[in-house]
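Student: Each chain, written out:
Protein chains: 2
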Amino acid sequence: MTLSMYQASVPVFVHMLGTLSAILDKGAAFVEARAIEPSVLVNARLAPDMRPLSAQVQLATDMAIRGAARLAGIEFPSNPDTESTFPELQERVNKALRFLEPLSPDQIDGSEDRAITLQMRDGELHFKGQDYLLNFLLPNLYFHVTAAYLILRHNGVELGKRDFLG
Amino acid sequence: MTLSMYQASVPVFVHMLGTLSAILDKGAAFVEARAIEPSVLVNARLAPDMRPLSAQVQLATDMAIRGAARLAGIEFPSNPDTESTFPELQERVNKALRFLEPLSPDQIDGSEDRAITLQMRDGELHFKGQDYLLNFLLPNLYFHVTAAYLILRHNGVELGKRDFLG
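Those sequence lines, one after another, are chains X and D. Position one of the first sequence corresponds to residue 91 (our numbering), numbered consecutively onward. Position one of the second sequence corresponds to residue 91 (our numbering), numbered consecutively onward.
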């Protein structure tokens, strides 16, 4: 077996989105058990100028969908950021999983040198596929899933490292 | 170019530890500018039963050193967790970089199927090298670097996503 672009991307994304889904379940159970208005957690932030839980989920799913699509050189769906409840956030994760799971190794393997251009607010970022995966996609995906985990953890949801590793 | 176990590990670890070092610099500058006792930030946590900033740095560096060593099948140094200041945490990161940087691709490439056993509190975890890298090392390393970033961010240190991506 040799490490491939597919193996280092799609199954990892699927695994981490499964983790995110399980973390969100624990958040939803937490507010229900304590009769807390769910939007308190959905809108919770770790700093006033950081994005809330809902945006962490939106960004994590966008990163996985767009990342896999760019590596495969295929179109990706646009997902407006409208989720404001736990069930809606779960559906967003499920939608991302439904996009990722049918992707096959032959769509992504060999994308190490594929030219990828990202349009940022202040200009373009140019990557080759491997650099994009290792130094942009994976760090961003892990960042947003960890941020979601830590927002919930900070607010008292009982989560442990195993919930993160899945 | 084909993705390899070395490329997906050592340079990524070095990059993320560089990020961690830059984040710690901003934390040190923050307490100095505001005449805050540095230990307040070094011991800061996001939840009472979560580990503080110092431990996030210790765990991130351990993960990188031990992970690379296990993939290469070489011994790794034991680092007692004694750091309690920003300069000591920086030296811990530097020590990890000095361990990682001399590692060569031929020490790590081909480790996809290497059997790796971790002794956990409640038993052993068995991995093959590729699974260990993708589903244990990288998530753990990103978790602890993100936790360090978010502990500082939560306490008012001015950090943005670019400080995380490096």
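Among the hints, a few may not be true.
Copies of the same chain are indistinguishable here, so a pair counts whether it falls within one copy or spans any two.
To be verified - In the DSS-like style, the derived pairs of lysine-lysine whose C-alpha atoms are separated by at most 30 Å in a straight line are:
#1 LYS116 x LYS185
#2 LYS251 x LYS116
#3 LYS251 x LYS185
#4 LYS218 x LYS251
No lab work stands behind these hints, which were simulated from the structure alone.
Student: Are the CA atoms of LYS251 and LYS116 at most 30 Å apart within a copy, between copies, both, or neither?
Tutor: both (14 Å within a copy, 27 Å between copies)
Student: Please sort LYS218 with LYS251 into within, between, both or neither, judging by C-alpha distance up to 30 Å.
Tutor: between (33 Å within a copy, 21 Å between copies)
Student: Could you place LYS116 and LYS185 in one of the four classes (within, between, both, neither) given a Cα distance threshold of 30 Å?
Tutor: within (20 Å within a copy, 38 Å between copies)
Student: Indicate which option fits the pair LYS251, LYS185 if close means a Cα-Cα distance not exceeding 30 Å: within, between, both or neither.
Tutor: both (25 Å within a copy, 26 Å between copies)
Figure legend: structure checked against the earlier numbered hints; every hint is met.
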